[in-house]
Amino acid sequence: MSITRNKWVVFLIISFFYSCYEKKAEGGNDDQSTKLKIAVVNYPLLFFAQTIGQEDIEIVYPIPSDEDPAYWNPVSDQIAEFQNADIIFINGAGYARWIDNVSLPASKIVNTTSGVGVEEKFQVMNEGPAHSHGPEGEHTHSEYAFTTWLDLSIAKSQAEVIYEAIVEAMPENEQEISERYTSLRDQLDLLHKELDDALKVRKGYYGSHPVYQYLASGYGVEIVSVHWEPGENITTEQWHEFEELMDHGFNIMLWEGEPGMKTKALLKEKGIESVLFNPTANKPPEGDFITIMRSNIDALKFLEFSQ
Amino acid sequence: MFLAVQYLKFHRIRSAVLISSISIILFLPNGLKKLVNESERLMLDRAKATPLIIGKKGSPTDLVINTLYFQQEKIDALTMKKVYELNTVGFGSCIPIFSAFKARNYPIVGTDLDYFEFREILIEDGRFMSILGECVIGSNVAKSLNLTAGDSLISSPGSLFDFAGVYPLKMNITGVLAPTESPDDNAIFTDLKTTWVIMGLGHGHQDLQLIDDPTIVLSRNDSVVTAGAKLFMYNEISNQNMQSFHFHGNKSEYPITSIIFVPEDVKSETILRGRFESGEILDQAVVPSFVVENLFSNIFKMQQVFDSVFIAVGFATALIFALIVTLGIRLRQAEINTMFTIGSSRTKVFEVIFFELLMMIGASGVITLIMYKLTDLYVQDFIYRFII
Numbered sequence: 001m002s003i004t005r006n007k008w009v010v011f012l013i014i015s016f017f018y019s020c021y022e023k024k025a026e027g028g029n030d031d032q033s034t035k036l037k038i039a040v041v042n043y044p045l046l047f048f049a050q051t052i053g054q055e056d057i058e059i060v061y062p063i064p065s066d067e068d069p070a071y072w073n074p075v076s077d078q079i080a081e082f083q084n085a086d087i088i089f090i091n092g093a094g095y096a097r098w099i100d101n102v103s104l105p106a107s108k109i110v111n112t113t114s115g116v117g118v119e120e121k122f123q124v125m126n127e128g129p130a131h132s133h134g135p136e137g138e139h140t141h142s143e144y145a146f147t148t149w150l151d152l153s154i155a156k157s158q159a160e161v162i163y164e165a166i167v168e169a170m171p172e173n174e175q176e177i178s179e180r181y182t183s184l185r186d187q188l189d190l191l192h193k194e195l196d197d198a199l200k201v202r203k204g205y206y207g208s209h210p211v212y213q214y215l216a217s218g219y220g221v222e223i224v225s226v227h228w229e230p231g232e233n234i235t236t237e238q239w240h241e242f243e244e245l246m247d248h249g250f251n252i253m254l255w256e257g258e259p260g261m262k263t264k265a266l267l268k269e270k271g272i273e274s275v276l277f278n279p280t281a282n283k284p285p286e287g288d289f290i291t292i293m294r295s296n297i298d299a300l301k302f303l304e305f306s307q
Numbered sequence: 001m002f003l004a005v006q007y008l009k010f011h012r013i014r015s016a017v018l019i020s021s022i023s024i025i026l027f028l029p030n031g032l033k034k035l036v037n038e039s040e041r042l043m044l045d046r047a048k049a050t051p052l053i054i055g056k057k058g059s060p061t062d063l064v065i066n067t068l069y070f071q072q073e074k075i076d077a078l079t080m081k082k083v084y085e086l087n088t089v090g091f092g093s094c095i096p097i098f099s100a101f102k103a104r105n106y107p108i109v110g111t112d113l114d115y116f117e118f119r120e121i122l123i124e125d126g127r128f129m130s131i132l133g134e135c136v137i138g139s140n141v142a143k144s145l146n147l148t149a150g151d152s153l154i155s156s157p158g159s160l161f162d163f164a165g166v167y168p169l170k171m172n173i174t175g176v177l178a179p180t181e182s183p184d185d186n187a188i189f190t191d192l193k194t195t196w197v198i199m200g201l202g203h204g205h206q207d208l209q210l211i212d213d214p215t216i217v218l219s220r221n222d223s224v225v226t227a228g229a230k231l232f233m234y235n236e237i238s239n240q241n242m243q244s245f246h247f248h249g250n251k252s253e254y255p256i257t258s259i260i261f262v263p264e265d266v267k268s269e270t271i272l273r274g275r276f277e278s279g280e281i282l283d284q285a286v287v288p289s290f291v292v293e294n295l296f297s298n299i300f301k302m303q304q305v306f307d308s309v310f311i312a313v314g315f316a317t318a319l320i321f322a323l324i325v326t327l328g329i330r331l332r333q334a335e336i337n338t339m340f341t342i343g344s345s346r347t348k349v350f351e352v353i354f355f356e357l358l359m360m361i362g363a364s365g366v367i368t369l370i371m372y373k374l375t376d377l378y379v380q381d382f383i384y385r386f387i388i
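Sequence order for the protein chains is G and U. Sequence positions in the first sequence follow the numbering used here and run 1 to 307. Sequence positions in the second sequence follow the numbering used here and run 1 to 388.
Pulled out of the complex, with its shape left as it was, chain G reads as follows (with noise of 0.2 Å):
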């Protein structure tokens, strides 16, 4: 008898331990379901939704930090967590070419640069020669320059879009998102300002690799620019074709990644001095956005400072 009585002890001890747990657990899925689930296709996007969202969002961001963002190419499980956010923010203007060769629920994509009078600000990039085949006759596969937020000022209208979509997506959260939102306009309002004094200084720069499109046209200046890897050596024939646009006499090279001290030493030969202007397209390994955009206006101005 008394066995028997222990036993129903024992198992009434243990069920309201296990009922206990359940209960957490349920608590716990409960927190994690009320975060917003945000994809982002690059850094800046990254950065802003982080930014203005926090700790009420989980940022999904599979994208490898070696690795360019606008040429990187998921496989489907990335593909599956894309699919599984609530909001999808993308760049626009044709980046990340792999958005058009993959399924994504429409309803959850928000394109960053679309419907805040960007899209004029496109600036068409010509790939590959014109061909024809089969009976649509000749034609060019061209794109769109893509590293709109160069220009500070569609970076903001980027990160506006992001705060008006987690606003939608959270109304009750409104009045913190909007400060953050409103701390980094005026950040970015600041950098824009500044970006813009340290780039006039000048008429035009040479670029490393054609990513300063909007740079130039965002700041009124001319970029000139060239195919070369950070990393690689310059050969002779890519020296010739640079000789060719030594006309236009600028004296700084606006350079993605450090370049290498030998590009460096013959581009100085030439009075050529090389800058490093990161687009900040991938996570960085230190800073970010701001700090980084902050580092490359004060390469830019002291170099002003210097000469």
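Some hints here could point you the wrong way.
[Unchecked claim] Label-pair ranges, simulated between beta-carbon atoms:
(1) U:Glu-124 with G:Ser-65: 32 to 40 Å
(2) G:Asp-298 with U:Thr-148: 35 to 43 Å
(3) G:Asp-298 with U:Asn-87: 35 to 43 Å
[Unchecked claim] Residues of chain G clear of chain U, computed beta-carbon distances all greater than 10 Å:
(4) Ser-76
(5) Ala-80
(6) Gln-83
(7) Lys-203
[Unchecked claim] A short, non-exhaustive set of chain G residues, derived as facing chain U with CB atoms under 7 Å:
(8) Ser-65
(9) Pro-105
(10) Ala-106
FYI, nobody ran anything at the bench for these hints, they're computed from the structure. Predicted, not measured: the structure shown is a model, and the values here were computed from it. Using N, Cα and C, we set each Cβ at its ideal position, and we do this for glycine too.
With chain G held as given, fit chain U onto it using these hints.
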């Protein structure tokens, strides 16, 4: 009773014909009514679950049948421009539908992943499509064609429209949808962009910059490369060749057959419909439940005609039955006289004939009931396979 059974067994063909006739006459009016009622219920359920359909001006019935039941009636195509226009106008969200192609006689429905969320369709096996060239199949398609996730399907070269560039595309099946008891069970779903690849608006081919073969590259200069028909075009999309796939022209001009519009609320729906009706927005917006109700009101008129016919046929059958019984009694006069001679009473003779008739009517009743039960069991399946 024994004599009655023996008589029916002896005249088994005549008895069988009579029992069948009575059964059919009893079954048909109610069976048809059940079929119509059940069809209406199922079609209306789906129509009521779809707030608004937008399509080119033309037959609203064809538009609804194409969009909801994937019957691929010939309707004029919209373009994606309409989706962008409606997204700009607001009031709700658009789910584009492009249902113009088939694979092994099942409709290929090009749409967006939002469709599955809207219809609350789950995946039973595998996953939803994620890249171009992938598809998910309805439960009936999987069962009928014995297909599962990991298999493939090739699109048929013909199409509802007279598209010039349609060519077969091998689609990889990534998932089988859970049964929904709706036309979704009989469809093959893929991304809208995949249907545009089937149509030839998007394609993948060898990189023209890397080809030296003069039989493929017919001419080349600094700005123009011309390729011949020998240029290899991929007929299957894989992770390896996906990057070579590209679309030509302006996507806002790409075709779709219709749009399922999900309004934010009733007010939004009313305003949007008003804009279509006033001509402020071109094309047509139809409320599917109104169209289906209208369709069934016409079918009900037809059913009333059928009912009258069945009453007339039933009356004629009853008369023929009475005639057969009367003639049968007359033909059996010698047999009845023999029964009287061996001592049978008039009541006994009446009893034998009565049991014969009762057994025939009873057998007809039982057969009719079995037919009703079978109708109950298979009516939905029949409707999904042959009606919607």
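Just to be sure I understand the hint, the distance between the Cβ atoms of Glu-124 (chain U) and Ser-65 (chain G) should be within 32 to 40 Å; is that true here? holds, 38 Å
With a cut-off of 7 Å, does the beta carbon of Ser-65 (chain G) approach a beta carbon of chain U closely enough for the hint to hold? violated, 22 Å
Asp-298 (chain G) versus Asn-87 (chain U) beta-carbon gap, inside 35 to 43 Å or not: holds, 42 Å
Ser-76 (chain G): least C-beta distance to chain U exceeds 10 Å? Label violated. Min Cβ-Cβ 5 Å, cutoff 10 Å.
Hinted contact Pro-105 (chain G) with chain U - closest CB pair below 7 Å: holds, 4 Å
Would the hint on Ala-106 (chain G) be counted as holding, given a Cβ-Cβ threshold of 7 Å to chain U? holds, 5 Å
Given the hint of 35 to 43 Å, check if Asp-298 (chain G) and Thr-148 (chain U) actually sit that far apart at their C-beta atoms. Roughly 60 Å apart at Cβ, these two residues miss the hinted range, so it is violated.
Regarding the assertion that Gln-83 (chain G) does not contact chain U, is the least Cβ-Cβ distance greater than 10 Å? Gln-83 (chain G) not clear of chain U: closest Cβ-Cβ about 6 Å, inside 10 Å.
Per the stated criterion, does the least C-beta distance between Ala-80 (chain G) and chain U lie above 10 Å, as a non-interface residue requires? Violated, because the least Cβ-Cβ distance between Ala-80 (chain G) and chain U comes to about 6 Å, which does not exceed 10 Å.
Does the claim that Lys-203 (chain G) lies outside the interface with chain U hold up, using a Cβ gap greater than 10 Å? holds, 30 Å
The earlier numbered hints that this structure contradicts are 2, 4, 5, 6 and 8.
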